[in-house]
Amino acid sequence: MAKKRGTITIDRELCKGCYLCISVCPNQLISISTELNQMGYYPAEFTETDLELDQHECTGCTTCALVCPDVAIEVYRE
Amino acid sequence: MLKKVFTRPRYLKDRVFHYCPGCGHSIIHRLIAEVLEELEIGDRTICVPPAGCAVLAYDYIDVDMGESPHGRGTALATGIKRVLPDRIVFSYQGDGDIAAIGTAETIHAANRGENISVIFVNNGCYGMTGGQMAPTTLPGQNSTTTPGGRDVSRDAAPIDLSEMLAIAKGSTYIERTAVNSPKNIRRTKKAITKAFKIQMAEKGFSLIEILSPCPVNWKLSPVEAAKRIEEEITNYFPIKVIKDNIGKIA
Amino acid sequence: MSRLRCTVSKKFLLRGSQVIGEAAVRAGCRFYAGYPITPQNELTEYMADAMNAFDNRTFVQAESEIAAINMVIGASMAGARAMTSSSSPGISLKQEGISFLASQELPAVIINTMRGGPGMGNIAPSQGDYYQATRGGGHGDYRTIVLAPASGQELADLTRTAFDYADTYRSPVLILGDGMMGQMMEPVTFPDPIRLEDLPQKSYILDGAKNRPSRAIFSLLLDPSIEEERNWKLGRKYEIIKREIPRAESHLTEDANLVIIAYGTAARIAKGAVKRVREMGLKVGLLRPITLWPFPSKMLCEMTRHVRNFLVFEMNTGQMVDDVKLAVEGRAHVQFYGRPGGVISTPDEIAKIINSLYHRQQLEEV
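One line per chain: the protein sequences are A, B and C, in this order.
Number 42 in the numbering used here belongs to position 42 of the first sequence; there are no gaps in the numbering.
Number 168 in the numbering used here belongs to position 168 of the second sequence; there are no gaps in the numbering.
Number 34 in the numbering used here belongs to position 34 of the third sequence; there are no gaps in the numbering.
There may be inaccurate statements among the hints.
As the list claims (entries may be wrong) - Calculated lysine-lysine pairs in the BS3-like style (CA-CA distance at most 25 Å, straight line):
1) Lys4/B to Lys4/A
2) Lys13/B to Lys3/A
3) Lys4/A to Lys13/B
4) Lys210/C to Lys13/B
Stated by the list, open to error - Here are a few chain C residues that sit away from chain B, every Cβ distance over 10 Å (derived from the structure):
5) Ala48
6) Pro193
7) Arg331
Derived by calculation from the structure, the hints in this document are not laboratory data.
Being a predicted model, the structure only gives us computed values, none of them experimental.
Note that beta-carbon positions come from the ideal geometry of N, C-alpha and C, so glycine has one too.
Using the sequences plus the hints, can you model the full thing?
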């Protein structure tokens, strides 16, 4: 059975760099950007952004979006 | 091929939250917005926000809102609901609002069995005013008015208002949850849904107490704050259904 | 006693507090919250009976005066004509709520049946809450419309007026009665009850954002320049109110050398005193403010053209006398006589005071 693949987008200008999404992603696919956003935070970023969908380990489980206080994450799934 | 499975809910305005990084208010606001959309009640809902960090809730949750003096939200909600009984009326209040200055109003609204829902955000401190002791601050917990930690002999023990409300004959449903983990966030959403469904069915007073992180005033990172709820706060305020006079509700 | 279910205008004999209750019901009051306190319990009890007779009206005996005023805020937000009542110490408790009503520009009617004070005081009638009513008594830069009935009929008429002013000006309105007014029985007539559907629509209420954007009613304005704007906006409203509604009754003032100024129960006593001294040949009149805020300053100021001596009589140690002095702008002598604490003067007592003042000022000459 093929695993569902997913992807997320993180709005870096909404993110406050709280690390909650990073702490809950089961596949550790989120890290902290080294570039400041306009609010002065280092926002989270999705490490699979530059990969093709069929290379993703992201399953679109939405756990990151669930804990994100700032609704910065949108989740897509096949 | 790719479907969007998570996005900003309709009843959450497209604005940056002023809340601190990792604040529980942000999560709870989103859950409420999701529930209003799923139950299709947003256009007949009126909310009474608190005095506290969430005083500006009307900037975020897209429903009619009526500001209340500190602590009196359940009294305002009573007035609104009695005049407009077919609308969904809920108050959103912190621990000072509910369990200090507003204790009488909270207990009596529950005792009267007012057909309202109360969202009680318990973050164990007075956030907006800079981190003073709250009725729910834990023994030993530092705050700006309990330097050195809350000392029960000097500062009294924390108050468990949800347990008190369960004794009130008019209260139908009291549950304590938290928003410190994915599992608890899902549980909180179910609890909020139940509270609104109870009101829609005109079955009386419900209150959902939500343990919520306050990273800035606890002087912890958001991840550490979430952990503190799990490891420390739930020992004092356990996550559970405190009173259920309704059982399953469709 | 059970409320009157009659819609035909004829004379009724009721205690003052009950008159207010019946007038409120006929004015379309849909929500009442109150708490027992002497000497106004007859009003709370009347509303308990009256509101329960309707399907869509609410009576709540609240857990405190504070809860009651806050329920009224909610009911007003939801669009209902709403009322609460208490007596002096309970009105103190309501002040934060009244300040919120003023800033949120919500209509509401508050009845204060004044008693002796300060503190626990007593249950006898006094006028010790004039400052509280007209100078706040809540925080912030707002004013409350204050009406002072002096008869059973005025209790009925001014209660209706209070609800109308509250809606017209989107403001709390206070009726300042006292323990005597609350208990006395005089024949009154009531107008027909207003039909709720005939009440003016309110565009600002919270009733669920169906087919319209959501709205918020709030008074928190963190930006000082926005708060300043709000304060001046309220100020402009108060200027309009000051132009449109000041009211006073003049009694035998046209040829008067000395005019008594008194309101409410004090005015009734003063009227009796004026009758006695007129029989003695003294040219004395009475000016009875009916709106305490806005104070009938213009009327009083114009009176100083031909009257240069005023005696303010209050059932307190001197509060309205300040407004009289402000209004006459130094053009007349203003004296004060007061009996605080719930003591009720007799017309004879006041007549003696008037007589002595009249002669000391040598007011025979015109």
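Now for the hints, and whether the structure bears them out:
As the CA atoms of Lys4/B and Lys4/A are separated by approximately 13 Å, the hinted pair is consistent with the 25 Å bound. At most 25 Å may separate the alpha-carbon atoms for a hinted pair to count; Lys13/B and Lys3/A exceed this at roughly 34 Å. Straight-line distance between C-alpha atoms of Lys4/A and Lys13/B comes to about 31 Å, which puts the hinted pair past the 25 Å bound. With a C-alpha separation of about 16 Å, the suggested pairing of Lys210/C with Lys13/B holds against the 25 Å cut-off.
Here Ala48/C stays apart from chain B, with its beta-carbon at least about 14 Å from theirs, past the 10 Å limit. Every Cβ of chain B is farther than 10 Å from the Cβ of Pro193/C; the closest lies at roughly 18 Å, confirming the non-interface assignment. No Cβ of chain B approaches the Cβ of Arg331/C within 10 Å, the least distance being about 43 Å, so the stated non-interface status holds.
The structure fails to meet hints 2, 3 from the earlier list, while all remaining hints are met.
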